[in-house]
Amino acid sequence: MRRWRCVICDFEYDEALGMPEDGIAPGTRWEDVPDSWSCPDCGAPKAEFQMVEVAEA
Amino acid sequence: MQQSLPGNWRDRKRYLWLLGILAMALPLIGGGLVQATGLSLFWWFAPLFVYLGVPALDFIFGEDRNNPPEAVVPALERDRYYRWAVYAAVPVEYASLIWAAWVAATQSLHWYEYLGLSISVGMTTGIAIAVAHELGHKTNPFEQWLAKLALAPTGYGHFYSEHNRGHHVRVATPEDPASSRYGESFYAFLPRTILGGMRSAIAIEKARMARRGHGFWHWRNDVLNAWVMTPILFAGLVAWLGWMALPFLLIQAVYGFSLLEVVNYLEHYGLCRKKLPSGRYERCQPVHSWNSNHIFSNIFLYGLERHSDHHAHPLRGYEALRHFDDSPQLPNGYAGMILLAYCPPLWFAVMNPRVQAHYRGDLRSANVKPALRLATSAA
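Residue numbers (UniProt numbering), protein chains in the order written: chain A, 1 to 57; chain B, 1 to 379.
Since the hints were made in silico from the structure, they are not lab data.
Fair warning: this is a prediction, and the values are worked out from it, not measured in the lab.
Do not take every clue at face value.
Below, computed lysine-lysine pairings styled on PhoX-like, alpha-carbon distance capped at 25 Å [said to hold, decoys possible]:
| no. | chain 1 | residue 1 | chain 2 | residue 2 |
| --- | --- | --- | --- | --- |
| 1 | A | 46 | B | 138 |
| 2 | B | 138 | B | 13 |
| 3 | B | 275 | A | 46 |
| 4 | B | 138 | B | 206 |
| 5 | B | 13 | A | 46 |
| 6 | B | 369 | B | 274 |
| 7 | B | 369 | B | 275 |
Quick partial rundown of chain B residues pointing at chain A, CB under 7 Å, derived from the structure [as the list claims (entries may be wrong)]:
| no. | residue |
| --- | --- |
| 8 | 214 |
| 9 | 314 |
| 10 | 315 |
| 11 | 316 |
For each residue, glycine too, the CB sits at the ideal point set by N, CA and C.
Between the sequences and the hints, there should be enough to build the whole structure, so can you do that?
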C-alpha cells in the first residue's frame, strides 16, 4: 500500500485508509481514485499529488 | 494574438486584465499629477482612487455574472498571455516602490506629503499581495519565486506558505486566523490574524522541514527564504538613499499588509464549514466564501473577488473563475466593503443580516465570535 502527498498542502492519501467520506473505500489503489477527486484539505486536483513512499502491504 | 477558442467564444475581459498592472503604477500616476498640477493632494492619489474612485466605478459598472463556458477553460488556462499579464505587475510594483523611496528620501517633502506618498505605495504593495496570491498558487518554481518577490516590500513573505498550507486548509473554521467571525470587528480581527498567521506559518514550515529531514533553519524553508528578501531590499534602499527612506519603507509595509488583512476580513466573515463525524471538516464549497462580481474591482485584483470558486478550486486560473448563484454575495466590491469594515457598526449593520439570512436565522452553523456564542447559548 502506498501513500501520495499533495504538493500544495502536504495532505496525504493513504491507499490503506482510502477516503470513505468521498466514497473511496479503504484499499483503493491510487490509479483507481477518480481523476475528478481533489485534495480534501486544500482542493488541489489529483494531478498535484506525488508518491511519497512505497511500503509493504 | 487571441487564439481561437471552441465555439468562437471570445474573452471580453482579456485586455482589461492589464488594469491590474495599472494598480501597481498608482503612486507613479500620483507623482505625475503632482508635477502637472502642483497640488500636494495627489501624493494621496492611490488611497483617494481606491477608497473613493473604485467603489463608485463598481457601483456604475455593476456586476458581471458571466462565466466562461467549461469547453474553453482548458484553452484559457493554457494561454500564456494571462500569466504574463500577472508577471508584468511585479516590475511595476518595484518601480513604484524604488521611485517613491527616492522621492521620500531626497525631495524634502512636507510630513503630510511624505505620509501620503508612503500610504500610496502601501496601497500598491498591499494590492501586490493579490498578485503574489495569484502567482503563489501555481506549482512552477518561477511563479513561486516571483510571488515571494512581490511580497518582499510588505515583509509578508510567510503569506506564501501560510495561505496555501494554512488558510486554504482551515478556511471558514474557527481554527483559521485569517477567517473572521460573526460579531468580530476588524480591529479585533487584525491582531489575531497577523500574529496567528505568522505563528501558523512558522509551525507549518517547521513540520514540513522535519518531514524532509531538515531543521527549521534551512534555505528550503519557505517562510525564511521569503522573509529574508525584505531586510535585503530595505537595507539596500537605506544604504543607497539614507535613513530618510526608512520611515517610508516601514509605513508602506504596515499599511500594505493591513490592506491584505482587511481583505481577509471580508472574504469569509461568519461563514463556517461543518465538522464531519470523522472529525475532519466538510470540503470547502463555494458557499464558504463571500463572492463579489463587481467588474471594476475584480479586474483590478485579478479576479480575487470571485473568491467562492477560488477556494473550492484553488488551482483554477483567475481568467477562468466562475460566479455561482448559491454562494453568498457581497453588496459591493472589495474597495467599498473595506470602507465598511473600517467602521464596525456599519459593517455589522450591513453584513450581520446577510450572515443570518445565509444560515436562515440559525447561527449555530455560523463561525461566531466565542464570547457571542456563549452569550447566545446561555440565553
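The hints, checked one at a time:
1. Between residue 46 of chain A and residue 138 of chain B the alpha-carbon distance is near 15 Å, which keeps this suggested pair within the 25 Å criterion.
2. Only pairs whose Cα atoms come within 25 Å are accepted, and residue 138 of chain B paired with residue 13 of chain B is accepted, the gap being roughly 22 Å.
3. For a cut-off of 25 Å, the pair hint linking residue 275 of chain B to residue 46 of chain A stands: about 23 Å separates their Cα positions.
4. A hinted pair counts as satisfied when its Cα atoms are at most 25 Å apart, and residue 138 of chain B with residue 206 of chain B qualifies at roughly 22 Å.
5. Our distance criterion of 25 Å between C-alpha atoms is broken by residue 13 of chain B and residue 46 of chain A, whose separation comes to about 30 Å.
6. At most 25 Å may separate the alpha-carbon atoms for a hinted pair to count; residue 369 of chain B and residue 274 of chain B meet this at roughly 16 Å.
7. As the CA atoms of residue 369 of chain B and residue 275 of chain B are separated by approximately 17 Å, the hinted pair is consistent with the 25 Å bound.
8. The closest approach between the C-beta of residue 214 of chain B and any C-beta of chain A is roughly 14 Å, which is over the 7 Å cut-off, so the hint fails.
9. Hint status for residue 314 of chain B: holds, given a least beta-carbon distance of 5 Å to chain A, under 7 Å.
10. Hint status for residue 315 of chain B: holds, given a least beta-carbon distance of 6 Å to chain A, under 7 Å.
11. For the restraint placing residue 316 of chain B at the interface with chain A, the shortest Cβ-Cβ distance is roughly 9 Å, beyond the 7 Å limit, so the hint is violated.
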